[in-house]
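Engineer: For this one, chain A is given, so just place chain B on it according to the hints.
Respectively, the protein sequence lines represent chains A and B. Note that my numbering gives residue 116 to position 116 of the first sequence, counting from 1, and the numbers run on in steps of one. Add 298 to a position in the second sequence, counting from 1, and you land on the number used in my numbering.
Hints may be right or wrong, so weigh each one.
[To be verified] Selected chain B positions facing chain A (in silico; Cβ < 10 Å):
(1) Gln311
(2) Thr320
(3) Ser321
(4) Asn403
(5) Leu405
(6) Arg407
(7) Arg530
(8) Asp563
Honestly, the hints are just simulated from the structure, not real lab data. None of these values were measured; they are calculated from a predicted model. Virtual Cβ for every residue (Gly too), placed ideally from N, Cα, C.
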Amino acid sequence: MEHVLSINNITKNYGRITAVSNMSLDVSEGSVFGILGPNGSGKTTTLGIILDVINPTDGTFNWFRNFTRKENRQKIGSTLETPAFYPYLTGVQNLKIIADIKRINYDNIDKVLKDVGLYERKDYKYKTYSLGMKQRLAVASALLCDPKVMVLDEPTNGLDPQGIAEIREVIKDISKKGKTVILASHLLDEVQKVCTDFAVLNFGRLIYSGKVDEVSQEQQIVEVSSQNLTELEKAINKFSLKKSYDNEKDKIIVTLDRNMSVTDLNKYLVESGIIVTHLVVRKRSLEQKFLDILNESE
Amino acid sequence: MKRIIRIELLKVQSYSTFWILTSLYFLILLSIFFSGKFFLDFLARKGESLGDIIDPSGIPIYDFPDVWHNITYVAGFLKFILAIYVIISITNEINYGTIRQNIMNGLSRWDFLLSKLVLVCFLSIISTLFIIAAGFILGFIYSGNREITDIITYMEFIPAYLLQITAYLIFALFIGLLIKRTGLSMGLLFLYTLIVEPIITFRIKTDWIKGLFPLKAINNLIRFPFKKYALREVQDYIAWDDTLIVSVYIIIFISLMYLILKKRDL
Numbered sequence: 001m002e003h004v005l006s007i008n009n010i011t012k013n014y015g016r017i018t019a020v021s022n023m024s025l026d027v028s029e030g031s032v033f034g035i036l037g038p039n040g041s042g043k044t045t046t047l048g049i050i051l052d053v054i055n056p057t058d059g060t061f062n063w064f065r066n067f068t069r070k071e072n073r074q075k076i077g078s079t080l081e082t083p084a085f086y087p088y089l090t091g092v093q094n095l096k097i098i099a100d101i102k103r104i105n106y107d108n109i110d111k112v113l114k115d116v117g118l119y120e121r122k123d124y125k126y127k128t129y130s131l132g133m134k135q136r137l138a139v140a141s142a143l144l145c146d147p148k149v150m151v152l153d154e155p156t157n158g159l160d161p162q163g164i165a166e167i168r169e170v171i172k173d174i175s176k177k178g179k180t181v182i183l184a185s186h187l188l189d190e191v192q193k194v195c196t197d198f199a200v201l202n203f204g205r206l207i208y209s210g211k212v213d214e215v216s217q218e219q220q221i222v223e224v225s226s227q228n229l230t231e232l233e234k235a236i237n238k239f240s241l242k243k244s245y246d247n248e249k250d251k252i253i254v255t256l257d258r259n260m261s262v263t264d265l266n267k268y269l270v271e272s273g274i275i276v277t278h279l280v281v282r283k284r285s286l287e288q289k290f291l292d293i294l295n296e297s298e
Numbered sequence: 299m300k301r302i303i304r305i306e307l308l309k310v311q312s313y314s315t316f317w318i319l320t321s322l323y324f325l326i327l328l329s330i331f332f333s334g335k336f337f338l339d340f341l342a343r344k345g346e347s348l349g350d351i352i353d354p355s356g357i358p359i360y361d362f363p364d365v366w367h368n369i370t371y372v373a374g375f376l377k378f379i380l381a382i383y384v385i386i387s388i389t390n391e392i393n394y395g396t397i398r399q400n401i402m403n404g405l406s407r408w409d410f411l412l413s414k415l416v417l418v419c420f421l422s423i424i425s426t427l428f429i430i431a432a433g434f435i436l437g438f439i440y441s442g443n444r445e446i447t448d449i450i451t452y453m454e455f456i457p458a459y460l461l462q463i464t465a466y467l468i469f470a471l472f473i474g475l476l477i478k479r480t481g482l483s484m485g486l487l488f489l490y491t492l493i494v495e496p497i498i499t500f501r502i503k504t505d506w507i508k509g510l511f512p513l514k515a516i517n518n519l520i521r522f523p524f525k526k527y528a529l530r531e532v533q534d535y536i537a538w539d540d541t542l543i544v545s546v547y548i549i550i551f552i553s554l555m556y557l558i559l560k561k562r563d564l
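If we strip away everything but chain A, and leave its shape as in the complex, we get:
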């Protein structure tokens, strides 16, 4: 698939501190790309560089395979860190300024305000908004130009659970339309729910990048239970195709070897004469994967 963004060997130094180190990354069209990393891992710096507000010390990037930067930015909807608007202007007035910057008319303003649930407060001054409402306005501003690409930095920060769910829906809707979303987050759950691809940063380095689906396919984790737990444990102990197992209350959690499926385990147990009462494939969470990746990198 076409790449909408290519980052080539980008480095950013702040004095002696290296915030981003020799990073290369491609984002393909239509993907929802999650950028994960602990605090201070270089997520925001990376986004700042590709949005042209931070000058990289070294390296290049390009959007849509061309180098017309300001025109490209007009086609990208973006938020970076905390929402930034004119506090003495209303939500609508703030969006009008953005519409003028992006060379589009004002027709879309009411629609995007409805999309993020801010329509009723559109004529209130920005300074009267709560943090959640400010965040919603930021997402609305990113939606305003019906963007080809959205770059969102922690878009659900400061939102209530309902707000988080709403913004998630907005992101899913956007990606259904074939648009690309680049999302920085430290909420792994969020990335797992909406992203197709993800990358992990630590200390300014890209330490992993891959598909979200593949994480759950890599190693299967299976919960099994039986009337006779001790028999079951003995059998599993002898099972050669497992990586490890663990007792958890009335269940045994088995991590299978790579490429082994739950069918293999079930077949083995039946052959050993054990009747299971419970057999569930646990979806491997991104959180575990993320922690593994971080541990391996250290």
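Structural biologist: Same frame as chain A, now just chain B:
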């Protein structure tokens, strides 16, 4: 360009600080212009009681063509009020993070600088138009001569005033962009205007070197007019070298601002 102007207008139209400062500016300007006559009458009454020989109430400060020189000179003292707004405007953009958001949304750094220069020009032009209107009104009320040649003779002070105020506001914009903090920028602007440059130039004996300092150069455009009423020689024209120095400063400040914006992480 129309787009850049519209963006800047949207930013000021609902900003109460903008309306308060500009109204204050025009109100003070207006009251100073129209109180000149009353002030001279007041001096005359004082003088009478002191048995003075000259009658200050007879000084023709509003006569064409001198009125142009006089009011542009006096108005020059109030440009600091507009400079305060210019500093607030640029430091707000930095502190609110809206400068970063503007660039992210698709302004180039040059576009952004242009939008602030639009603000400077807007303020300068409004102020100049106000001076022109005030000059005509005061002249037609008080002036003895209304010959067309007299009316237009000193009108070269109008473009000089426009250049003067534009240059000063660009200087303020530069300080605001450089310093980033609102209060500190204002403090530095006044410190430099009132103390630093006067002290440096005070020690320099040669006039043309003094005239190379930015604020001295800006103020030199329109020189002190009132000595002529004591029958002393005054420079009642706009000197080409002063204009040139100020224009060079404008170019230098704009280039420096562009460089700052280009190099700085927003």
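Engineer: Now look at each hint and say whether the structure bears it out.
Structural biologist: Hints and how they fare:
1. Gln311: Holds, about 8 Å.
2. Thr320: violated (15 Å)
3. Ser321: Hint on Ser321 of chain B: violated, closest Cβ of chain A at ~16 Å, above 10 Å.
4. Asn403: holds (4 Å)
5. Leu405: Holds: closest Cβ of chain A sits about 5 Å from Leu405 of chain B, inside 10 Å.
6. Arg407: holds (9 Å)
7. Arg530: violated (50 Å)
8. Asp563: At 5 Å from the nearest chain A Cβ, Asp563 of chain B passes the 10 Å test, so the hint holds.
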